[in-house]
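Undergrad: Sequence:
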Amino acid sequence: CIFYSKEGLKNKNSGKLGCFGWLLVIISFILVILMFPVTLFMCVKIVKEYERAVIFRLGRITDRKPKGPGMFFILPCTDAFVKVDLRTVSFDIPPQEILTKDSVTVCVDGVVYFRIHCPISAVANVSNAHSSTRLLAQTTLRNALGTKNLAELLSDREGISHSMQESLDEATDPWGIKVERVEIKDVKLPQQLQRAMAAEAEASREARAKIIAAEGEMKASRALKEASLVIAESPSALQLRYLQTLNTIAAEKNSTIVFPLPIDILHNFMERK
Numbered sequence: 001c002i003f004y005s006k007e008g009l010k011n012k013n014s015g016k017l018g019c020f021g022w023l024l025v026i027i028s029f030i031l032v033i034l035m036f037p038v039t040l041f042m043c044v045k046i047v048k049e050y051e052r053a054v055i056f057r058l059g060r061i062t063d064r065k066p067k068g069p070g071m072f073f074i075l076p077c078t079d080a081f082v083k084v085d086l087r088t089v090s091f092d093i094p095p096q097e098i099l100t101k102d103s104v105t106v107c108v109d110g111v112v113y114f115r116i117h118c119p120i121s122a123v124a125n126v127s128n129a130h131s132s133t134r135l136l137a138q139t140t141l142r143n144a145l146g147t148k149n150l151a152e153l154l155s156d157r158e159g160i161s162h163s164m165q166e167s168l169d170e171a172t173d174p175w176g177i178k179v180e181r182v183e184i185k186d187v188k189l190p191q192q193l194q195r196a197m198a199a200e201a202e203a204s205r206e207a208r209a210k211i212i213a214a215e216g217e218m219k220a221s222r223a224l225k226e227a228s229l230v231i232a233e234s235p236s237a238l239q240l241r242y243l244q245t246l247n248t249i250a251a252e253k254n255s256t257i258v259f260p261l262p263i264d265i266l267h268n269f270m271e272r273k
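Sequential numbering from 1 applies to the sequence shown in this note's numbering.
Simulated from the structure, these hints should not be mistaken for lab results.
Incorrect hints may have been included.
Here are the simulated distance ranges between beta carbons [as the list claims (entries may be wrong)]:
| no. | residue 1 | residue 2 | range |
| --- | --- | --- | --- |
| 1 | 95 | 206 | 50 to 60 Å |
| 2 | 103 | 80 | 29 to 39 Å |
| 3 | 226 | 156 | 26 to 36 Å |
| 4 | 103 | 221 | 40 to 50 Å |
| 5 | 245 | 156 | 50 to 60 Å |
| 6 | 212 | 139 | 44 to 54 Å |
Only pairs whose alpha carbons sit at most 16 Å apart, straight line, appear in this in silico EDC-like list of lysine to aspartate or glutamate [as the list claims (entries may be wrong)]:
| no. | residue 1 | residue 2 |
| --- | --- | --- |
| 7 | 185 | 49 |
| 8 | 83 | 49 |
| 9 | 101 | 156 |
| 10 | 48 | 63 |
| 11 | 65 | 51 |
| 12 | 210 | 226 |
Idealized CB from N, CA, C, for every residue including glycine.
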């Protein structure tokens, strides 16, 4: 836990109340004893399991360790305390318009999860720990994404979130805050850029489809060439191919069957004439 500041740790008299301060504390303690039945409800305080209490006595923090959970005792005239919630808090980063490294304007929002791990630092070192963390998260988001181009922003969200978490955690550590997680929720692109990216993706898919079709035709032509060489070596193979084709047509229950007439038969009839 971090106390006020380094100067406060070096100053040995910073935590002392002085003679007049101790006099006020003694007077307050005497009043508590004299009015015991009434002051009992004013002196005994309770904090919950997830809360801690930072006690100020005459404006000074009495102990470097916060009180709680459970009951603790304060003097009604000289003491004051501040409750600090130790549970994890989440908040949305408002959408930020960011100019990326490749000069593209995008709108990005996110979410941050953090908790207070040192109540004394959260009370003594910053006026409003939650509000300060929110504002710092917005500036950190703009600074982190300003060094990335659009492709990195869309593909490396996990890396950007991790770098933002480290930056926020380091900056908020003197405030007693631990940043547990940072997530990029949404990246909104301009409509013109979305249409341009969609057209680029469509053109790329069409180009790949044409290349695949051309490769298929090339392989098919090679297979047909090899088949024609096999059929040329054995003319009876062509007749068998005709019969296979007829069998396929007949299996589909067609009423009309086109029978291919071999040219060799016609050639024999022409020679007889």
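Undergrad: Against each hint, give a clear statement of whether it holds in the structure.
TA: Status of the hints after comparison with the structure:
For the pair residue 95 and residue 206, the supplied restraint of 50 to 60 Å is violated, since their beta-carbon distance comes to about 34 Å. At about 53 Å, the CB distance of residue 103 to residue 80 disagrees with the hint of 29 to 39 Å. Separation of residue 226 from residue 156 is about 49 Å and departs from the stated range, judged on CB atoms against 26 to 36 Å. Look at residue 103 against residue 221: about 48 Å separates their beta carbons, and that is inside 40 to 50 Å.
The beta-carbon spacing between residue 245 and residue 156, approximately 57 Å, falls within the hinted interval of 50 to 60 Å. Checked against the hint of 44 to 54 Å, the C-beta distance between residue 212 and residue 139 comes to roughly 48 Å, which is consistent with it. About 32 Å separates the Cα atoms of residue 185 and residue 49, which puts this hinted pair outside 16 Å; it is violated. At most 16 Å may separate the alpha-carbon atoms for a hinted pair to count; residue 83 and residue 49 meet this at roughly 12 Å.
Note on residue 101 and residue 156: the hinted pairing holds, with a Cα-Cα distance of about 14 Å set against a maximum of 16 Å. Of the supplied pair hints, the one linking residue 48 and residue 63 is violated, its CA atoms being roughly 19 Å apart against a limit of 16 Å. With a C-alpha separation of about 13 Å, the suggested pair residue 65 and residue 51 falls inside the 16 Å cut-off, and the hint holds. With a C-alpha separation of about 24 Å, the suggested pairing of residue 210 with residue 226 is violated against the 16 Å cut-off.
The structure is inconsistent with the numbered hints 1, 2, 3, 7, 10, 12, although it conforms to all the rest.
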